[in-house]
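From first to last, the protein sequence lines are chains F and G. With the numbering used here applied, the first sequence corresponds to residues 1 to 477, in that order. With the numbering used here applied, the second sequence corresponds to residues 1 to 477, in that order.
Worth flagging that the hints you see were computed from the coordinates, not collected in a lab. Please note that a few of the clues may not be correct.
Identical chains blur together in the list; that is why a pair holds if it fits in one copy or across any two.
[Claimed, not checked] The calculated lysine to aspartate or glutamate pairs, modelled on DMTMM-like cross-linking and capped at a C-alpha distance of 20 Å, are:
no.	residue 1	residue 2
1	K200	D426
2	K115	D227
3	K253	E61
4	K250	E113
5	K55	D445
6	K199	E355
7	K250	E154
There are 2 protein chains.
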Amino acid sequence: MRILSNAGVTWRPCLPYRKSMTKSLIAGLLLATAAPVFAQASPAHIASLREAALKDDIAYEIVEGLTTEVGPRLAGTEAEARAREWAVRKLTAMGFANVRVETFDMPVWVRGEEKAWITAPFPQPLAVTALGNSGATPAEGIEAELIGFNSVDELAAAPDEAVRGKIVFIDHNMPRAQDGIGYGYFGRPRREGPTIASKKGAAAIVIRSIGTDHHRNPHTGVMTFADGAAPIPAGALSVPDAEQVQRILKRGKRVRLRLVLTPRNIGTRQSGNVIAEVPGRDRSAPPILVSGHLDSWDLGTGAIDDAAGVAIAATAAKRIMDAGQPLRTIRIVWFGAEEVGLFGGLDYRARHGKEPHYALVESDFGAGRVWRVDSRLGKEREAEAKALQQALAPLGIAPGALDKAEGSDISPLLADGLPGVSLAQDGTFYFDVHHTPDDTLDKVDPQDLRQNVAAWTTMLAVLSGGIEAEPKRLKRR
Amino acid sequence: MRILSNAGVTWRPCLPYRKSMTKSLIAGLLLATAAPVFAQASPAHIASLREAALKDDIAYEIVEGLTTEVGPRLAGTEAEARAREWAVRKLTAMGFANVRVETFDMPVWVRGEEKAWITAPFPQPLAVTALGNSGATPAEGIEAELIGFNSVDELAAAPDEAVRGKIVFIDHNMPRAQDGIGYGYFGRPRREGPTIASKKGAAAIVIRSIGTDHHRNPHTGVMTFADGAAPIPAGALSVPDAEQVQRILKRGKRVRLRLVLTPRNIGTRQSGNVIAEVPGRDRSAPPILVSGHLDSWDLGTGAIDDAAGVAIAATAAKRIMDAGQPLRTIRIVWFGAEEVGLFGGLDYRARHGKEPHYALVESDFGAGRVWRVDSRLGKEREAEAKALQQALAPLGIAPGALDKAEGSDISPLLADGLPGVSLAQDGTFYFDVHHTPDDTLDKVDPQDLRQNVAAWTTMLAVLSGGIEAEPKRLKRR
């Protein structure tokens with residue numbers, strides 16, 4: 001039996017798995033009595049897919065494979081190219097159709113040496129890493145007086161002559177939060193600090209890592225010198241080192257820092273988005289885009305950022321594909337070059353931004369359990385959004401906003417007004433590890449990962465337009 | 001009132017603080033009815049010292065000061081010399097008598113560059129650190145096939161020709177344990193692995209860090225090439241990296257490792273033990289030795305290993321001193337050069353090993369709460385040992401063995417048969433941080449540290465022979 005596309009018009013159950021459709025049809029009809037209806041898999045079918053996904057091993061295998069067989073994969077480097085080859089092999093082996101790479105060019109910045117020492121009054125080494133797009137010191141480093149600020153605003157308010165020629169240190173008080181709310185406001189030292197310090201004539205800047213842990217692994221992350229500010233060396237100290245610097249500064253003596261940061265811009269290189277599909281029964285229907293990003297920072301193996309995300313998105317699509325053929329095409333996009341400036345997301349938008357999409361979804365906040373679903377599907381699809389909330393509730397996922405969706409690579413398209421869903425992950429521990437050498441496989445809890453797969457599979461089942469009962473061999477179109 | 005030395009013969013209470021002695025005298029007499037008696041502070045006085053110590057801030061100030069103002073302090077280096085100067089200033093300022101340094105010479109090994117990469121089949125960097133006394137690679141490193149073993153015994157059983165010219169990797173399964181029991185058996189890859197690998201002709205060895213964490217901070221630690229084995233480069237991979245290597249090895253392809261470790265032996269340098277005293281009323285009575293070690297590994301700032309230990313020992317002594325004058329001298333020893341081979345402990349034994357000591361006590365297992373007391377005071381002092389157990393119980397400290405005492409620097413003297421006490425700390429998380437860059441101030445819980453100070457103060461009050469009621473100005477002798 002084929003279910004035609006009828007988004008938002010009438011509700012029709014797909015033929016349930018194993019053809020025992022009566023019960024779920026009745027349940028579905030009961031559900032549909034009070035609201036505008038839409039096509040989705042039957043509640044029983046959704047429940048069965050959801051429960052089965054809680055035993056998933058596929059996603060962990062993807063995370064394990066990508067982090068082990070490729071490891072770190074900085075955008076635009078040979079390592080990211082190997083990741084794309086790995087991705088094409090993997091997605092093809094999983095049985096997806098239309099596996100392809102859409103390449104694009106981008107400027108590439110690579111890390112060099114990175115060392116720091118307090119030289120006075122209490123000589124000792126500090127753990128530092130360069131922020132993405134940092135300028136470089138000479139190979140032997142620079143040494144200058146260190147001047148400390150508790151916030152970007154404090155730096156901005158300082159007279160230029162107090163800063164000129166010195167190395168700036170900026171602290172912050174980022175809180176641990178389930179929804180990661182601190183990353184925006186307390187991430188300002190990374191995003192804004194280098195430009196302000198440069199414009200005030202600072203020799204360099206080091207910030208307290210934008211992180212919530214207490215390990216000697218500094219957090220890198222991208223920043224851009226804006227408003228014509230000349231690049232200066234810009235690094236992050238680990239949180240324990242930043243606290244050490246504060247303790248030393250509080251002694252009230254002149255503090256001197258020696259800093260070696262020798263990153264380089266190596267010019268234009270190629271990156272790319274890896275795309276695969278579960279072709280829908282209605283090839284004219286807009287696709288559902290599920291995504292994560294394939295690139296990682298170079299310090300860790302990018303397990304939570306974002307091997308987990310690409311694994312969750314692809315595994316959910318595979319579980320739907322293995323259950324039958326959805327009405328709508330599911331398009332998997334493993335974006336390239338997210339970390340260093342959303343190059344993959346912007347390239348996708350440039351190529352496909354004018355095409356309609358049924359929903360955009362991205363997983364890029366680790367591997368913690370999904371605890372809230374937000375969506376922005378439009379007023380006319382409110383019944384669908386509520387059915388989605390209802391279908392996710394058994395996984396311990398609370399209904400969230402109906403006018404909100406987010407995701408890094410999909411943010412340009414969301415800004416254009418395309419519909420989207422966000423399955424918010426628990427980020428309580430995310431910023432302990434984010435952008436550090438500690439982003440490794442052991443940080444992924446297999447059970448939490450399964451819950452993510454179950455949430456995404458459920459979401460796809462709801463948005464699918466109905467899954468055809470008889471799985472059949474998919475052909476590449 | 002003066003209390004004469006009468007160890008093990010008759011019990012006499014000291015004059016209680018503020019001279020209200022009746023109540024505690026009675027309590028003391030009740031306590032003393034059934035067992036051989038000995039001199040100690042009265043139970044009420046002990047309780048008052050114990051409770052007051054639970055509000056202590058002195059120990060944390062010492063840990064904060066030493067880790068901030070000196071930082072890492074590798075034995076025999078200029079940094080350890082600065083630590084001794086800091087220690088002399090601090091112990092003098094605290095009011096102790098006879099503050100002095102006993103210097104000794106020792107061979108010094110210093111760290112160089114340390115980097116490692118898997119070069120095939122999945123190129124990626126690994127986090128590595130050199131083990132103490134490691135041999136060196138050339139500056140450009142070495143590259144060889146990696147051969148993996150799950151244990152030292154597996155390596156020992158391998159034919160030499162399977163190992164020759166290769167880089168050996170040894171894994172292990174050290175468990176997390178409150179008493180740190182895993183460090184002995186599962187530390188064998190560090191202690192024994194390099195010698196066995198060298199004798200089999202290996203080009204180098206890397207082990208899984210002897211640690212229980214999952215951070216990219218490898219655990220260093222000393223080892224010695226024994227039985228005439230030639231030094232080879234010997235490093236530790238962080239636990240996540242070791243697990244990554246195991247996953248890569250399990251793929252069954254030939255694995256190649258590039259290793260850069262360039263430590264050097266810089267010859268003979270000076271180290272020293274810093275000693276201070278609370279002179280007892282009876283200068284002929286053997287002293288109670290309380291200790292920790294001043295040196296640290298170079299990677300972290302040595303907060304839990306062992307700024308906490310020196311702080312606990314000295315703070316307990318100060319709290320007794322501030323309460324009055326003990327019968328017995330309390331000798332504080334901040335040992336030098338513990339990490340790299342117990343040079344300080346051995347020097348102390350060479351100088352003082354023939355002198356009687358009333359008890360030897362060392363804190364060198366972090367800053368976790370004390371949960372068990374062991375002692376080895378001798379059969380004739382069983383009543384004192386049991387009084388010690390009883391006085392510590394209110395702190396949540398369980399009575400342990402009466403025939404056991406341990407401590408790193410004091411182990412040579414304990415081996416000679418001198419009496420000792422061990423206040424066993426909770427080491428559940430100790431080997432997460434031990435010998436890594438992560439051994440920093442933030443790992444010390446001030447509340448747990450206070451409980452340690454209370455335990456040590458209690459112990460000293462029991463062993464003191466009684467504390468004279470009227471505190472008076474101590475003079476250097």
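So, going through the hints one by one against the coordinates:
1. K200 - D426: neither (39 Å within a copy, 50 Å between copies)
2. K115 - D227: neither (28 Å within a copy, 38 Å between copies)
3. K253 - E61: So K253 and E61 pass the 20 Å test across copies only (19 Å; inside, 53 Å).
4. K250 - E113: Answer is neither; intra-copy 29 Å and inter-copy 32 Å both fail.
5. K55 - D445: within (13 Å within a copy, 40 Å between copies)
6. K199 - E355: Answer is neither; intra-copy 42 Å and inter-copy 67 Å both fail.
7. K250 - E154: Classified as within; 16 Å inside a copy, 53 Å across copies.
Violated hints, listed in ascending order, are 1, 2, 4 and 6; each of the other numbered hints is respected by the structure.
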